[in-house]
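Peer 1: In order, the protein sequences belong to chains A and B. Heads up: the first sequence begins at 14 in our numbering, then just goes up one per residue. Heads up: the second sequence begins at 905 in our numbering, then just goes up one per residue.
Treat the hints as calculated values from the structure; they're not laboratory data. A quick note: this is a predicted structure, and the numbers were derived from the prediction, not measured. By construction, the Cβ of each residue, glycine as well, lies at the ideal position given by its N, Cα and C atoms. A couple of the hints might just be wrong.
Said to hold, decoys possible - Stretches of chain B that chain A covers, calculated by requiring three or more beta carbons in the stretch to come under 8 Å of a beta carbon on chain A:
id	region
1	934–942
2	949–955
3	1004–1016
Unchecked claim - Label-pair restraints from in silico Cβ distances:
id	chain 1	residue 1	chain 2	residue 2	range
4	A	S116	B	I984	22 to 32 Å
5	B	S981	A	K27	44 to 54 Å
6	A	D40	B	I984	36 to 46 Å
7	B	I917	A	A85	38 to 48 Å
8	B	P943	A	T30	20 to 30 Å
9	A	L81	B	Q913	43 to 53 Å
10	A	T30	B	K955	41 to 51 Å
11	A	S116	B	G944	23 to 33 Å
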Amino acid sequence: GAVVSQHPSWVICKSGTSVKIECRSLDFQATTMFWYRQFPKQSLMLMATSNEGSKATYEQGVEKDKFLINHASLTLSTLTVTSAHPEDSSFYICSSREGHYNSPLHFGNGTRLTVT
Amino acid sequence: GQQLNQSPQSMFIQEGEDVSMNCTSSSIFNTWLWYKQDPGEGPVLLIALYKAGELTSNGRLTAQFGITRKDSFLDISASIPSDVGIYFCAGRGTGGGADGLTFGKGTHLIIQP
Chain A
14 GAVVSQHPSW VICKSGTSVK IECRSLDFQA TTMFWYRQFP KQSLMLMATS
64 NEGSKATYEQ GVEKDKFLIN HASLTLSTLT VTSAHPEDSS FYICSSREGH
114 YNSPLHFGNG TRLTVT
Chain B
905 GQQLNQSPQS MFIQEGEDVS MNCTSSSIFN TWLWYKQDPG EGPVLLIALY
955 KAGELTSNGR LTAQFGITRK DSFLDISASI PSDVGIYFCA GRGTGGGADG
1005 LTFGKGTHLI IQP
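Go ahead and model the full structure; you've got the sequences and the hints to work with.
Peer 2: Structural data, given as structure tokens:
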């Protein structure tokens, strides 16, 4: 089945630094990937849609300059949290689907970001 | 937009008990998905449902796509410790986010020793 890999699993950084999170589709090509943020004991909140070869589409209220998304190949999307602050600490998850629009989404294993 | 009501919010059960959870909506969905999320991990797809009335099993898990297309149920039989986690339903309809899905808020399953 479709596998989505996310790296790193966890990262700790200092305020003001930037952190890059990678999302890879391991056995399929993904023209579209999605990035989510999840707070403790809550559901997933869609942040943005990553489009291969074009600009990402951000959900309302998500700062595109804060959360930079690059989807340079059919198997890799990256999310960079720029000038991180403690309030950016969260669990970030990516997803993608193999095949047509009605195919299920498969999620990465998530990245726990802690900003000190 | 579309909203999903997932219940119960949490369940405290004994090992070996059966579990039942559901998601309901005022809107019609064309697809229902059930995911499980372990602590510190991403959600893992358990069952996908594509037709009204569809009943699908995956081991001890059984899910159904409601006839009205506005609800779905997930049952777990004879629960074991590794069933602990958060279970999310997700529906795909004419609304939803850019990913095409509307997520429930999750059911936290806790198994008491």
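Peer 1: Checking against the hints above, which ones are violated?
Peer 2: 6, 9
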